[in-house]
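Trainee: As a plain string of letters, each chain reads:
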Amino acid sequence: MIVAEQKPLDEIKGLIAEAEKVLVLGCGTCVTVCFAGGEKEAGILATSLRMASKIDGQPKDVTHTTVQRQCEWEYLDAVADQIREADIVVSVGCGIGVQAVVERFPEVWVVPGLNTSFMGLPTEQGVWEERCAACGSCILGLTGGICPIARCAKQLLNGPCGGSQNGVCEISKELPCAWQLIYDRLKSQNRLHLITQIQPPKDWSKSRDGGPRRITREDLRLAAEASE
Amino acid sequence: MSGEHLNGYKAGSHLERVLRAGHFAVTAELGPPQAADGDVIRKKAALLKGYCDAANITDNQTAIVRMSSIGAGAIALQEGLEPVIQMTCRDRNRLAMQSDLLGASALGMRNVLCLTGDHQSFGNHPTAKNVHDLDSVQLVQMVVGMRDKKAFQCGEEIKGAEPRFFVGAAANPFGDPFEWRPYRLGKKVEAGADFIQTQLIYNIERFAEFMENVRRLGLHQRVYLLAGIGPLKSPGMAKYMRDQVPGMDMPNELVDRMTQAAEGIDKEDKKARAAAWRDEGVRIAIEQINQLRKIEGVAGVHIMAIEWEEAVKLLVEGAGLYPRPEPASIPEADAGLTHE
Ligand code: SF4
Ligand code: SF4
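Protein sequences, first through last, are from chains R and Z.
So for the first sequence, our numbering puts the first residue at 74; every next one is plus one.
So for the second sequence, our numbering puts the first residue at 159; every next one is plus one.
Worth flagging that the hints you see were computed from the coordinates, not collected in a lab.
Here the structure is a predicted model, which is why all the values come from computation and not from measurement.
Honestly, I wouldn't trust all of these hints.
[To be verified] Below, in silico cross-link-like pairs of lysine-lysine (DSSO-like), each with a Cα-Cα straight-line distance of 27 Å or less:
#	chain 1	residue 1	chain 2	residue 2
1	Z	Lys391	Z	Lys201
2	Z	Lys201	R	Lys246
3	Z	Lys287	R	Lys279
Same shape as in the complex, but just chain Z (with noise of 0.2 Å):
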């Protein structure tokens, strides 16, 4: 494959062609599990599969070992659903990354993020070693170069078919110092990301103040800015992101609805609580989607309903962005058709 076929394409994905085409895109996420059982995958991807434009595969989420985002992702395409690879720089150094690279896009994969990765010490195997060769700043330049410039990182020619993907970044518009966001935000466009997906947001007015820094650093006409959205389980979830997580920003008056959604159900019922605190949680998802959809900038949302997956279809439909559409596949070069 080569990137001349293209039409100006950098990949070709899903994913790609839905945000070029103008539309509010739509992606999710989709935790591997912890065990070499590729049903769990396939179950998830039916979940998924029709109502958003690609779902991100997660790399050892929270650093717990799971299947790796490439193998689960082989399984998704099986499946119909474009994956979106993540790959953080948390345990592969830059050989590792880059052979990983070369077999993803030979599977066919055409979207991956680069992310830095959780600490090693929130997870499952506190006592290894960590890498960070390149964090991801360098990582995303590292996946453009080996797209545009067809070389990998050491400046060596690539002599086959180049690894091509729609390159994505993470921002986290609630990560301190806050003023320096929009900043570090830049130097991932400056790298060459093609899309962002932000940390989960709950504070709508704090965001939107971030994305106003972002335009006026002219961000967001050179990169997708996709918000993240997370369906809240219960009232207890509300509390933990916000005394718990890292770089969350929780308002009360989010735990204080979720609080209130089971109030007069019997304490006993737990059905029922669990019931009612999840469909505010959608409630307010859906809430939350409309009123990003509004901020200039913001050209769709990643959903991230961890365990949850039957959410998904819950906040797509509710806030109207069902059925996905269907861009034209990409036009022959000899079509005459130009792209930028």
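Isolated chain R, as found in the complex (with noise of 0.2 Å):
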């Protein structure tokens, strides 16, 4: 899922400074699960930007509402009045959320509450931790299913580093070695000589590096195409 985190407040704030009317929009799918911007958050939210602008003097009508899915425009379609009705949606989607309501209401002012973190998963309550980095050519089949784009800080493909000790990576003890996680699962299958050969340099073309990307599949367009 993405995983995101809420702005802090004071951010929120000056962001939504000028504007009366605030529609505070959730969504119902990642950041629902991973407790950032689904309805109950969203709900808060409104209630902690209303009593704000009252304190400030400048009571602000914030409403909220929540959509199952931020990233596709029909969900939005449903919420139409609403969003077009506000002077400033901030949206609590991630940030895909936030560019699908800009993109489907050119005329409205929307602004990020979240920060859009990573793609990741809970590893227990109250945790979570990024996995994949969406590098546009998955090679887990040769890290036995351990991302070393994601989960290494320096991305090596021919790791590990020489600061990698009893576990942990150099630049923190909190958090795992990518490249000792490869070789102790790889080790414990009998595996070991997917990383004896050299790793190519990446093609991170393929990446975010190569530009925005893009997927088109021929096979659906003309699928619908021929529905129509």
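Mind assembling these two chains? They're in different frames, but the hints should get you there.
Mentor: The following block contains the structure:
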């Protein structure tokens, strides 16, 4: 899932300073699961902003609503009226949600209420960890299913670096060394030969370095045309 | 310049010739200043010249901005000290690295050490973006490919003079997973590294164990391995290395020896204590050089006396490694001599 965190309240207050009618727009998918921007969090944020604006002597009209998925336009259309009525929409969806609103409602001013952090999973109650950096050419098959792009602080393909010690990464004792994990897993499965080969330089053009990415599936486009 | 005239030498650097002639090599380290101050390099070069076969010029070490290794290396060359240009993967992508390699080669530099680089969070620009387009193994491959295949990393031919470097890489015998370290070294050798400089060694026993595994893989016959040595300045430094530096193995025994060195000296006499510690640090380092020399597969030492360049002379003389050899220059190709 996409993991995000709410921005500090003061930053959001700054973003909405000029507006009077504010809509906090939650999303029912990833950010609900990571407790950052679901129905409940959107409601709490709306209340906080309302109270804060009162304390500041300029009470704002702050409402909130949540759609099932902000990153698909159809779901946004269901709340089109509320979006259009607001001076400003504080999207507490991920960065994709924010932009989906922007693209669907060009006339509306939209600001983010979250910092979208990474793609990951919850590892224990209240803890989320990054697992994939969407590099565009997955090498998990060579690394025992543990991603060195997202999980090694230096994105090494022929790791581990010299700073790996006692299982943790040189940058933090809280962070497992991805290459220690890869080594342990491949060793336990008798597959260390997978990492004795030199991994050639990565083709970063498939990653964000190649510019914004786009996937076109002709089969689906044709199918859509046929059904029209 | 082209490889054909080198008579089998990879780059013909002084360091390469010393090693090829079978001498026990000595390299040192020169840290460039955090300013555009060329005289700092000249002063340090004067302290090292004659006491080592080549000096590593660090590349923004510990992620702190310093004069570039190639810039400082050019000054070292002018001073008659052969540089080993360190190059990390942290700050530059493959384009920048290759263009810097062309420049360094054109300036007459003949050794390069390929490194991953410390993470930027350790340094003075922790909010910087890091690059890591290549890793150190891939960097070795690229530098070797530019030299031996006359090709850029993309495969395109280098149409003029190719950069010729004696290519080094680093190894940390004490990083984890310990059993994997010789294999990681093997990857660097496979990538084409000509020499290896190790991380600081204080635990000789554990290093000997590492070398046993290196020999088992036959790597000592394919690469020149220079063991890392660093004289201790104080018990505080020893403790810091034991407790704080990732990938460092500092035995308690050495911390104790450093502490005992100043026993009996008045606590107020800071100068005398510092001198006693440094004397002990030099003594320990000399003992260690002598122990390392006996380990099969160790082709030399790499002395890292950061901000204490004077110590290099003491260590080299103390270990009987002075004067440094002057190997013959590369024989002319038509002299009928053959190498490899
Ligand atoms: S290798 Fe790339 S695609 Fe695969 S998990 Fe890692 S970042 Fe994601
Ligand atoms: S310690 Fe491990 S995870 Fe951290 S940078 Fe080095 S190889 Fe990567």
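Trainee: Looking back at the numbered hints, which does the structure fail to meet, lowest number first?
Mentor: Of the numbered hints given earlier, the structure breaks just one, which is hint 2.
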